[in-house]
Every structure is written in structure tokens, then in C-alpha cells.
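Asker: Here is what each chain is made of, one letter per residue.
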Amino acid sequence: SQTIHQWPATLVQPVGSPLSLECTVEGTSNPNLYWYRQAAGRGLQLLFYSVGIGQISSEVPQNLSASRPQDRQFILSSKKLLLSDSGFYLCAWSRGTGANVLTFGAGSRLTVL
Amino acid sequence: GQNIDQPTEMTATEGAIVQINCTYQTSGFNGLFWYQQHAGEAPTFLSYNVLDGLEEKGRFSSFLSRSKGYSYLLLKELQMKDSASYLCAVRSSTDSWGKLQFGAGTQVVVTP
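First to last, the protein sequences are chains V and B.
Just so you know, we're using my numbering here: the first sequence kicks off at 1 and counts up by one.
Just so you know, we're using my numbering here: the second sequence kicks off at 1 and counts up by one.
Some hints could be false.
[Claimed, not checked] Below are the EDC-like pairs computed for lysine to aspartate or glutamate, each with C-alpha atoms no more than 20 Å apart in a straight line:
| # | chain 1 | residue 1 | chain 2 | residue 2 |
| --- | --- | --- | --- | --- |
| 1 | V | K80 | V | E22 |
| 2 | B | K99 | B | E77 |
| 3 | B | K81 | V | E22 |
| 4 | B | K68 | B | D82 |
| 5 | B | K81 | B | E41 |
| 6 | B | K99 | V | E59 |
[To be verified] The following label-pair restraints were derived from C-beta to C-beta distances:
| # | chain 1 | residue 1 | chain 2 | residue 2 | range |
| --- | --- | --- | --- | --- | --- |
| 7 | B | G28 | V | P18 | 30 to 40 Å |
| 8 | B | I17 | V | P69 | 11 to 21 Å |
| 9 | B | K57 | V | R95 | 31 to 41 Å |
| 10 | V | D71 | B | T13 | 44 to 54 Å |
| 11 | B | K68 | V | I53 | 18 to 28 Å |
It is worth saying that the hints were derived from the structure and are not from the lab.
Each residue gets a CB set at the ideal place from its N, CA and C atoms; glycine is no exception.
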């Protein structure tokens, strides 16, 4: 069976500090990978998606970036965090075929102070 | 782009039925999904509709009318553990690799 791991679960960072959130998927190959953000009381906003190693598409302009160094690894980064970067970050994967159901990781709650 | 509308909150009694409506506008439709999200947790997949009609999964059913841009999620025999946010999400036919646009979610509160 497939599993998705995401860490860290919680972090508090000062404004201007860097960020790295990591996500890995097990039990499948060549998954589609996604980073979503959910602000308090808001819907899920798609930040980045990837259909293969080194292939990253950005949905919204921001000071975040994503990388996919390995087939089942997806990393969300920032060089300098802003207050507005606070939120609940969710990594997800899908097969890329059929119904393409998204399966989410447990999420990372980021508070920027 | 897509506009997805669903009510902000609904309250119902344990054992009752609740229907959560979702309307959407999209340039091309290729599937509608419902997810459940408990507070502080990740969303979990509930149902998928791509053709008109009703899909039933135990206590949960989902309906789709593509011509009306309308779906609903029906929760029957409500239990306290059903208190959660329910997210409607739509996939556009122009997004061949499966990108979803989510609504803001409907918070369902189940009372004793």
C-alpha cells in the first residue's frame, strides 16, 4: 500500500528565516506530487505541482519554491519567510491516471512570528 | 478558472440527515470530489463523481448534475464523529494531470 510522510508537523519560525518542508511517498512510482496551503478558515490553495523529477509548476507568485530531487520526494522551501506565509501546508500525491484521487499527508502547521 | 460555492456551516442532530450543496463554474469539467477534514488534520477522500447521478458509499452519498453545475453530499444517520469540514473540489478538463480546485469547505456540527 502507499503511504505519504510529511514533516515537520509543527514549526514556529521568525520572519526572515528560511523554511524547508519535506514530503516523501512510499509504495508507488512516478506519482504526481502537490503542495497546498490552507489559511485559517480558507480553502485549500494549490501552490506547486510536479509530474516528474525536476518538473515543477507554480500556481501562484510568492516567495516559496519547490523542488523534486527524487521521484518520490517533494520539498517546499523559502529563503525568507513572511508573516503571510503562516498556514497549514499539505503535501499530496496522485497516480496521474484514472480518477486521480489526491491523498494528503498529515500536514505541517507553520507559524511565522 | 473555477468558482466553487458551498455553505459555510450547517448544524444537525445526531441520527439525522444533512445535505451539503456545492455549485461550481468551470471552463471544462472532468470530475468532482468530496473530502472530509477534521480540525487540525489532513483531508481524506470521500467520493468521486464524473457522470450524472448518485454514488452511494455506506452512510455517505454524492450526487452530480453536470448540466446544472451542481453536486451534493448526503450524510445519513449522523454520528458525532461526522463533525468536520466537508470540501468540494472540481477538476477541470484542461488539467490533464489532475489538479483540483477546492471550495472553502462546509463545517458540519453534529449535536447530541
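Asker: Run every hint past the structure and note whether it holds.
Answerer: Taking the hints in turn, this is what the structure says about them:
Simply put, V/K80 and V/E22 have alpha-carbon atoms about 17 Å apart, close enough for the 20 Å limit, and the pair holds. A threshold of 20 Å between alpha carbons decides the hint, and for B/K99 with B/E77 the separation of about 32 Å lies outside it, so the pair is violated. Proposed proximity of B/K81 and V/E22 is contradicted: the alpha carbons are some 30 Å apart, above 20 Å. Using a Cα cut-off of 20 Å, the hinted pair B/K68 and B/D82 is violated, with the two alpha carbons roughly 28 Å apart.
Simply put, B/K81 and B/E41 have alpha-carbon atoms about 13 Å apart, close enough for the 20 Å limit, and the pair holds. Of the pairs offered as hints, the one joining B/K99 and V/E59 holds, with about 10 Å between alpha carbons and a cut-off of 20 Å not exceeded. Checking the proposed 30 to 40 Å range against B/G28 and V/P18 shows it holds: the Cβ atoms sit about 39 Å from each other. Between B/I17 and V/P69 the beta carbons are some 48 Å apart, a value that contradicts the proposed interval 11 to 21 Å.
The given range of 31 to 41 Å is broken by B/K57 and V/R95, whose C-beta atoms sit roughly 20 Å from each other. For V/D71 and B/T13, the Cβ-Cβ distance of about 48 Å falls inside the hinted range of 44 to 54 Å, so the restraint holds. For the hinted restraint 18 to 28 Å between B/K68 and V/I53, the CB-CB distance of approximately 41 Å leaves it violated.
Checked against the numbered hints above, the structure violates hints 2, 3, 4, 8, 9, 11; every other hint is satisfied.
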